[in-house]
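2 protein chains.
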Amino acid sequence: MADPVGIPLLDVLGGRRCDPVPVWFMRQAGRYLPEYRRLRRSLGSFLDLVYTPEAAAEATLQPVRRFALDAAILFSDILVIPHALGQEVRFAEGEGPRLEPIRDRGDLSRLVPARAEEALQPIYETVRLARRALPDGVALIGFAGGPWTVATYMAAGRGGDEQCAAKLWAYRDPEGFRALLGLIERASIDYLLGQIRAGAQVIQIFESWAANLPESWFEDLVIAPTRRIVDALAKAAPGVPVIGFARGAGALLPRYARASGVGAVSLDTAIPVSFADETLPQGLAVQGNLDPLLVCAGGATMKAEAGRILDGLRRRPHVFNLGHGFVPATPLGHVEELIDFVRGKGGTSE
Amino acid sequence: MADPVGIPLLDVLGGRRCDPVPVWFMRQAGRYLPEYRRLRRSLGSFLDLVYTPEAAAEATLQPVRRFALDAAILFSDILVIPHALGQEVRFAEGEGPRLEPIRDRGDLSRLVPARAEEALQPIYETVRLARRALPDGVALIGFAGGPWTVATYMAAGRGGDEQCAAKLWAYRDPEGFRALLGLIERASIDYLLGQIRAGAQVIQIFESWAANLPESWFEDLVIAPTRRIVDALAKAAPGVPVIGFARGAGALLPRYARASGVGAVSLDTAIPVSFADETLPQGLAVQGNLDPLLVCAGGATMKAEAGRILDGLRRRPHVFNLGHGFVPATPLGHVEELIDFVRGKGGTSE
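First to last, the protein sequences are chains A and B. Numbering-wise (the working numbering), the first sequence opens with residue 3 and increments by one. Numbering-wise (the working numbering), the second sequence opens with residue 3 and increments by one.
The hints are simulated quantities; they were obtained by calculation from the structure and are not laboratory data. Note that beta-carbon positions come from the ideal geometry of N, C-alpha and C, so glycine has one too. Check before you lean on any hint, since a few could be wrong.
[As the list claims (entries may be wrong)] Chain B regions said to be covered by chain A (calculated; three or more residues, Cβ under 8 Å):
1) 117-123
2) 222-233
[To be verified] Chain A is nowhere near these chain B residues, computed Cβ spacing over 12 Å in every case:
3) Gly8
4) Tyr38
5) Leu49
6) Gln89
7) Val329
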């Protein structure tokens with residue numbers, strides 16, 4: 003266990019239990035905030051926002067100004083890696099991201115790894131601006147997509163669809179597909195180290211499409227690349243905790259937690275907290291699980307489920323969070339109520 | 003264990019191990035078959051096909067004529083229940099089903115349970131025609147969607163999207179939502195009994211959207227309604243095995259297998275067979291798991307994964323199947339190769 007540093011999120015990720023538990027939320031910067039919607043309207047496109055450091059830092063800071071949160075998370079997108087590698091990426095209003103697909107080994111020549119670092123410089127500047135503006139006790143989280151998840155978007159040109167294009171490529175030409183994963187992996191290592199050098203104190207790896215993989219392929223396409231990223235970060239930036247979020251890992255979560263090397267895991271909504279507590283390594287920090295739609299619904303149901311999570315993880319280092327990101331329709335009052343509940347529940351006055 | 007009846011699928015579902023293991027495939031009737039595409043073109047709409055007994059029976063029989071399968075599954079759709087209850091359902095080419103959403107308790111009055119049985123008569127006729135045409139050793143499987151899955155389509159007007167509309171309704175108005183589930187449940191019981199009386203020898207319940215539910219809601223919305231259906235069938239039609247397919251149940255699968263009352267479970271692709279074998283009740287029959295995209299890819303990779311599944315489940319009653327349905331691009335030669343491999347692998351000549 004690391005020595006306490008007095009920043010709740012870092013202490014918990016270092017293996018220490020804090021009461022009340024620290025709180026942050028996936029997609030806490032975003033469309034449910036009126037100030038975000040205003041900011042978004044003032045810029046041309048979503049990618050303009052991501053690559054304009056002052057604006058992206060502002061989006062990063064907005065939720066921390068409004069709510070008593072223990073962390074800010076860099077406002078960016080997992081698709082900046084394909085974009086920095088030279089793949090065309092656009093965000094069409096109301097239908098999610100669209101990319102010019104990289105369909106097979108032959109298409110890999112369209113990627114230009116050498117240009118990535120320069121393309122990502124504005125994001126490091128966002129991290130510097132955000133870190134400078136944050137209070138000392140509020141941690142700044144950097145992130146990247148897991149290589150498998152990023153590859154599913156690169157191969158299909160979009161998300162969803164059970165990751166058909168990426169899977170078919172991997173099944174038909176495992177070597178060629180590993181070359182794609184390797185490119186993403188190396189760019190992600192540089193990208194995360196750049197974020198850390200600029201002031202990110204925690205890294206989260208979003209493996210949003212970890213569901214639906216046969217176990218041996220989960221090992222090869224999810225666990226192995228994550229392990230290599232974690233090892234590279236541990237070598238070049240020791241002491242920066244890495245949270246792994248393998249969404250949809252289901253029964254494979256314990257294996258992911260043990261073999262990927264991540265220092266903490268984020269639970270999606272479908273993982274029973276009892277299963278997590280029984281099967282994850284003792285002392286491993288855990289966050290997540292609350293269905294974001296419960297915050298949309300609010301009230302006693304939301305609190306009952308939040309209470310169940312707090313109780314179920316009371317024997318571990320625990321960071322309160324969601325099982326996935328906030329939806330745009332989430333009422334701000336419900337977020338406040340939830341934070342108050344979490345803070346009150348773990349308080350010494352109880 | 004039931005006495006052997008000499009029909010491999012029924013013997014395995016009765017708790018007996020058969021070698022070679024029986025084989026059938028989810029979505030074995032469908033667009034990957036040229037004869038299906040011809041049949042489909044000859045009718046006006048997808049629902050016309052479903053409600054025309056001669057055509058639907060033909061679609062049911064097509065895969066059994068072409069391949070050495072141990073079962074036929076009724077050609078129909080899980081959305082015939084909302085349709086029979088009076089909800090408007092249409093299948094738009096290339097974009098999946100669209101329904102006029104039932105958004106809340108007030109909308110329930112639009113449903114007319116009394117008309118369901120009459121609306122479903124053509125489907126019973128399909129079952130009768132198919133059973134009459136099938137060889138004795140080939141079992142006929144009937145099916146319905148799980149009430150939760152059917153409700154997600156009814157509430158959202160479509161599939162996908164993490165089942166937002168249904169979840170929000172359930173979280174905000176649990177009683178109203180339970181009333182919807184109850185309507186679906188009762189209609190499904192009558193529907194499945196109708197199929198059994200017409201000649202279905204096995205029932206499968208497709209809970210295609212079982213992912214992403216918090217555990218207590220999974221109990222309430224997935225397990226409990228399934229249990230009531232299974233109990234009602236056991237009472238009115240004892241001895242007809244029920245296979246439960248809770249796709250995306252992940253770590254909750256053992257609980258589903260124990261508490262829902264189903265006599266066999268179908269594994270999606272993400273469930274490691276070792277996890278299934280270790281956590282499911284001893285002697286429970288298991289099917290599924292092979293990624294349908296592996297059959298699309300074919301070759302040594304497909305066989306390696308099929309072999310892994312056969313090995314992993316060799317100590318149980320096992321039915322070979324997929325983790326989800328065939329995709330339209332599946333080459334027919336790969337299906338044949340797979341069946342030969344499964345039959346050869348379990349053969350006594352090895």
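Verification of the hints:
no. : hint    : verdict
1   : 117-123 : violated (count 0)
2   : 222-233 : violated (count 0)
3   : Gly8    : 33 Å, holds
4   : Tyr38   : 20 Å, holds
5   : Leu49   : 24 Å, holds
6   : Gln89   : 23 Å, holds
7   : Val329  : 7 Å, violated
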